[in-house]
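Could you put the whole structure together from the sequences, leaning on the hints where they help?
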Amino acid sequence: MFQWQATIMGPGDSPYAGGVFFLSITFPTDYPFKPPKVSFTTKIYHPNINANGSICLDILRDQWSPALTISKVLLSICSMLTDPNPDDPLVPDIAHLYKTDRTRYEATAREWTRKYAM
Numbered sequence: 001m002f003q004w005q006a007t008i009m010g011p012g013d014s015p016y017a018g019g020v021f022f023l024s025i026t027f028p029t030d031y032p033f034k035p036p037k038v039s040f041t042t043k044i045y046h047p048n049i050n051a052n053g054s055i056c057l058d059i060l061r062d063q064w065s066p067a068l069t070i071s072k073v074l075l076s077i078c079s080m081l082t083d084p085n086p087d088d089p090l091v092p093d094i095a096h097l098y099k100t101d102r103t104r105y106e107a108t109a110r111e112w113t114r115k116y117a118m
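Residue numbers (UniProt numbering): 1 to 118.
No lab work stands behind these hints, which were simulated from the structure alone. None of the hints are false.
Distance windows between CB atoms, simulated: (1) I59 to F2: 16 to 22 Å; (2) T69 to R114: 30 to 36 Å; (3) R104 to F2: 39 to 45 Å; (4) T69 to G12: 19 to 25 Å; (5) W4 to R102: 29 to 35 Å; (6) T100 to D30: 40 to 46 Å; (7) T108 to I59: 24 to 30 Å; (8) F27 to A107: 32 to 38 Å.
Once the Cα atoms are required to be at most 20 Å apart in a straight line, the calculated DMTMM-like pairs of lysine to aspartate or glutamate come out as: (9) K37 to D62; (10) K37 to D58; (11) K72 to D83; (12) K34 to D62; (13) K99 to D83.
Positions of the beta carbon are idealized from the N, C-alpha and C atoms, including for glycine.
Quick look at the structure:
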């Protein structure tokens with residue numbers, strides 16, 4: 001097993017702008033035929049990322065392809081920060097807030113970014 005630490009800058013067009021987020025990437029022995037396990041080590045308020053840092057992203061599960069590089073995986077995670085998927089949430093309460101009160105969702109996400117990622 002092989003482990004990396006990665007860093008993602010919060011996208012400028014998202015409530016995570018200005019934040020620096022750390023992720024842990026663990027490669028299974030049969031990588032690239034099985035996806036790496038990627039999780040946030042920085043706390044983040046997002047419907048597809050839970051309190052343990054687990055990420056709900058199709059390419060890290062059933063849509064994995066050995067052709068995907070780690071940089072493509074990190075790029076997909078960045079896009080997910082800009083564009084959450086509230087229809088496949090890991091945290092239903094945050095997904096509900098995202099759908100019903102976007103302003104409050106963004107304010108909370110910005111507050112968590114200031115608190116934990118700056």
